[in-house]
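Q: Quick mapping for you: the protein sequence lines, in order, are chains L and F.
Whatever position you read off the first sequence (first residue = 1), add 131 for our numbering.
Whatever position you read off the second sequence (first residue = 1), add 118 for our numbering.
These are computed hints drawn from the structure, not numbers from a lab.
Worth double-checking, as some hints may not be accurate.
To be verified - Among the chain L residues that face chain F by a calculated CB cut under 10 Å, a handful are:
(1) Gly146
(2) Asp148
(3) His159
(4) Gly172
(5) Val173
(6) Val175
(7) Glu179
(8) Ile181
(9) Gly199
(10) Gln200
(11) Glu202
(12) Met245
For each residue, glycine too, the CB sits at the ideal point set by N, CA and C.
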Amino acid sequence: MEKKEKKVLVIGVIGADVHAVGNKILYHAFTEAGFEVVNLGVMVSQEEYIAAAIESDADAIVISSLYGQGELDCRGMREKCEEAGLHGIPLLVGGNIVIGKQKFEEVEPRFKAMGFDRAFPPGTAPETTIEALRELLHMDEVSGT
Amino acid sequence: MNAVLLIDFGSTYTKLTAVDLDAQQVLGTAAAYTTVQTDINEGLRKGLAELEKKTGKLEYSAKYACSSAAGGLRMVACGLVPELTSEAARLASLGAGAKVVGLYSYQLTEDDLEEITRTAPDIFLLSGGTDGGNTANILHNARMLATLPPTFPIIVAGNRTAARECGRILEGHEVYLCENVMPKFGVLNIEPTQKQIREIFLKRIVEAKGLRQAAVQMSDEMMPTPSAVLKALKLLADGCEEEGGVGDLVAVDVGGATTDIYSIADGMPEKMNTVYKGLPEPYAKRTVEGDIGMRYSIRGIVEAAGVKKLSAVSGLTPERVEELVSYLSQHTDVVPNGDEELEALDQALASMAVQTAVARHAGTMEETYTMMGLTYVQSGKNLMHVKKIVVTGGSLIHTKKTEKIAEYGMYSAEQPASLRPRAADVWVDRSYILAAMGLLSSHDPLCALHIMKKELEKHGHSEQENS
């Protein structure tokens with residue numbers, strides 16, 4: 132079968148969150164970096180990420196959350212992905228993902244325990260996420276492997 | 119005089135409309151039973167004789183026809199995710215004038231195959247995956263379909279990466295490769311598939327349904343009736359080069375077995391604080407409610423609305439409603455004919471049919487509180503601003519309460535989330551000319567537009583309470 136030219140990302144802002152600016156910046160940064168980006172915009176439900184990832188055969192799902200409710204919104208996402216056949220798909224999350232000022236060293240393990248491959252603290256530059264994606268998707272390895 | 123004959127071979131009636139292109143008017147209409155089992159021309163001849171009684175002998179410069187005879191165009195569609203490519207495939211089929219008799223998502227199973235064999239569709243539409251997206255599912259489904267005897271044509275309109283391979287897997291079947299119905303996430307591309315469906319309809323279905331004998335006498339190719347109606351409504355809304363149309367509209371056709379709903383409107387969010395979710399819908403959209411109809415599908419109306427509601431609207435007791443519904447479901451050819459009870463019930467049934475079908479067709483709006491304040495989430499079309507509603511079907515024509523019934527298709531405080539027209543003029547297609555005008559619109563759009571503006575009768579203005 133033909134090999135996909137570009138790695139496909141599904142991105143969006145989860146939950147009842149309407150912060151649209153960061154989402155647009157990420158869309159442009161990822162596209163610029165050579166990814167095929169399916170942008171679901173704001174107020175995205177877990178089911179929408181999954182449906183889009185199935186149809187587009189996505190390589191990773193990148194979730195943004197900026198209003199503090201990310202921890203609630205992300206709960207059960209990994210399990211739903213498994214249930215939908217997206218076995219082991221890389222899940223990344225970033226933004227203001229928890230309420231108040233919490234130490235990120237404490238926050239990160241909680242998201243990892245939920246099945247997220249990477250969690251990023253507030254103020255993370257898109258380049259950092261892109262770097263993580265390249266690593267998770269083995270993009271720097273010799274092509275053809 | 120330049121007389122043209124327009125024919126609609128319906129499932130029950132063959133309806134004829136004679137039009138004078140020079141005077142831009144209807145010369146007469148007539149109907150006779152459709153005779154697709156024996157010789158389709160038999161019914162046509164009877165209808166013509168009937169028509170001649172009204173118009174006198176006419177020389178027709180052209181004859182055009184559409185058909186929904188012998189079950190219409192029956193399609194099974196399949197996609198990957200229900201609300202994405204399966205929905206796109208469904209919308210493509212409906213918009214091409216087909217009846218969707220089966221809809222599948224994800225991987226087809228052996229049980230599905232048995233069901234599909236029993237359904238025996240006229241066309242199968244295979245989709246799934248955005249371009250460059252998932253290929254595994256559509257390939258699996260192609261392999262499953264390949265095990266069936268090649269009794270129906272298959273349109274492949276999924277992920278383009280897998281198209282050729284699907285074609286190879288399905289070798290020996292009649293296969294048509296088409297552009298993807300959803301090439302990118304959230305982008306609908308249904309016209310190429312619809313064009314293909316029309317071509318197959320002409321090439322294969324017209325033959326299979328015993329319409330060939332009639333088709334050869336026509337001046338142009340036949341089309342499925344719903345697709346002719348959609349064309350007429352689009353012309354009525356948009357107008358043509360020489361003259362403007364009446365603007366966005368909704369149309370409702372309540373039949374005995376199904377209820378068809380059409381909307382010609384963009385329907386995308388009007389305000390900045392509204393977030394749109396789900397597939398964007400086609401500007402000219404058609405849906406069919408297979409479980410909502412005045413006789414064969416009377417049970418579906420009862421299920422959707424409830425006996426209590428029907429009793430409240432009709433003024434009959436719940437017990438009497440049940441009795442009459444039982445009776446009508448057995449005696450599908452009974453019309454009220456002056457019987458007060460039956461009239462009241464039919465009116466209530468039609469009202470609920472309109473309400474249910476329009477609510478299913480229209481989009482919804484939900485209010486959500488976010489950190490940024492109140493936000494609206496819209497899915498499907500917003501038809502609140504639509505100012506015209508065209509209704510047809512026996513139960514809406516043969517009653518003085520047309521406007522009252524049509525009101526149920528409008529916005530109501532009971533279902534505030536349903537984005538139905540807030541205030542609209544009610545227009546009635548009393549002599550079933552829509553399909554005929556759709557046929558005429560390909561050849562003389564201005565004449566068809568003028569006739570529709572003249573013949574569709576304004577029945578009133580409905581405004582629902584705003585609350």
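Q: Hint by hint, say whether it matches the structure.
A: We went through each hint and held it up to the structure:
1. Gly146: Holds, about 9 Å.
2. Asp148: For aspartate 148 of chain L, the interface hint holds, since the closest Cβ of chain F sits about 7 Å away, which is under 10 Å.
3. His159: Since chain F brings no Cβ nearer than about 17 Å to histidine 159 of chain L, farther than 10 Å, the hint is violated.
4. Gly172: Holds, about 7 Å.
5. Val173: Constraint on valine 173 of chain L satisfied, holds at 6 Å.
6. Val175: 9 Å, holds
7. Glu179: Interface hint status for glutamate 179 of chain L: holds (7 Å vs cutoff 10 Å).
8. Ile181: Cβ of isoleucine 181 of chain L sits 8 Å from chain F, so the hint holds.
9. Gly199: Since chain F brings a Cβ to about 8 Å from glycine 199 of chain L, closer than 10 Å, the hint holds.
10. Gln200: 9 Å, holds
11. Glu202: This hint is violated: glutamate 202 of chain L lies away from chain F, its Cβ roughly 15 Å from the closest one there, beyond 10 Å.
12. Met245: 22 Å, violated
Violated hints for the displayed structure, listed by number in ascending order: 3, 11, 12.
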